[in-house]
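Given these sequences and hints, build the entire structure.
Line order of the protein sequences matches chains A and B. Numbering-wise (the numbering used here), the first sequence opens with residue 763 and increments by one. Numbering-wise (the numbering used here), the second sequence opens with residue 92 and increments by one.
No wet-lab data here; the hints were simulated from the structure. Computed from a predicted model, the values in this text were never measured in an experiment. Each hint can be trusted.
Simulated pairs of lysine-lysine, DSS-like, Cα-Cα distance not exceeding 25 angstroms:
id	chain 1	residue 1	chain 2	residue 2
1	A	772	B	110
2	B	113	A	765
3	B	148	B	132
4	B	181	A	862
5	B	178	A	765
6	A	862	B	132
7	B	97	A	765
8	B	138	B	181
9	A	862	B	97
10	A	862	B	138
11	A	764	B	178
12	B	181	A	764
13	A	765	B	181
14	A	858	B	181
15	B	181	A	772
16	B	110	A	858
17	B	97	B	148
18	B	97	A	764
19	A	841	B	113
20	A	764	B	113
21	A	862	B	113
22	B	110	A	841
23	A	862	B	110
24	A	862	B	140
25	B	97	B	140
26	A	862	A	811
Have a look at the derived ranges for each label pair, beta carbon to beta carbon:
id	chain 1	residue 1	chain 2	residue 2	range
27	B	100	A	791	32 to 40 angstroms
28	A	834	B	160	47 to 55 angstroms
29	B	100	A	795	27 to 35 angstroms
30	A	833	B	131	40 to 48 angstroms
31	B	164	A	833	37 to 45 angstroms
Ideal Cβ placement from N, Cα and C applies to all residues, glycine included.
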Amino acid sequence: MKKVLFVSYKPAMGTIWINETFRTTFGMYGEDIEPAILLMDDSVIGLNKDYAPEKMGFLPIKTVHRYIKRYETEIYAVKEDIEERKVEIGEDWNIKLISKEDLSDFVHEFDFVIFM
Amino acid sequence: MMIIVKYPPSHSISLEKIKLAKSGDVIALLQDGVLYALDEKLITELKNKGIEVKALKDDFVCRGYSEEESFADLIGYDEFIDLTVEKGEKVIG
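Structure follows, in structure tokens:
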């Protein structure tokens with residue numbers, strides 16, 4: 763089974779890319795692929811507890827949480843990016859933090875790393 | 092691992108991708124990513140770490156640069172395909 767990491771780095775609000783990262787990941791379920799997500803740079807803002815993408819017409823955050831829980835998708839985020847942006851991570855998330863210095867080793871664990 | 096860089100230095104994520112490279116990896120500079128080939132310091136640092144850096148000749152030359160100005164190894168499309176087959180088992184794109 764191929765391991766694929768989808769990386770979202772563009773701002774969580776005002777661009778479609780974090781939403782597309784979730785949608786693309788959900789589209790991988792049922793394929794012979796194990797998808798995971800890495801949020802970095804301004805995409806980590808999408809982890810804020812009061813983040814409400816549905817107000818912009820994106821996938822409701824509750825739907826995102828439901829799929830991620832059901833299919834046990836791993837969500838990673840860059841620790842320094844979260845601290846820099848004073849993000850308060852919502853309780854429904856189960857985020858694994860990766861520090862910048864460990865990123866190189868981390869991405870080398872995957873077969874395909876796709877920057878969205 | 093093969094790391095494909097398509098965005099120019101002004102696009103912050105492309106440098107973050109380059110920083111992910113480890114010894115034994117190859118960085119392929121395409122489209123506006125070829126502008127990194129002008130950066131002697133960066134390319135030299137990468138090569139010293141055992142990281143290959145290739146740039147698409149057509150993309151480099153059509154942006155008005157002469158081949159001598161590149162510090163990365165310039166390759167044609169055929170070589171890029173061979174590189175993808177050889178190193179493309181794992182990709183950062």
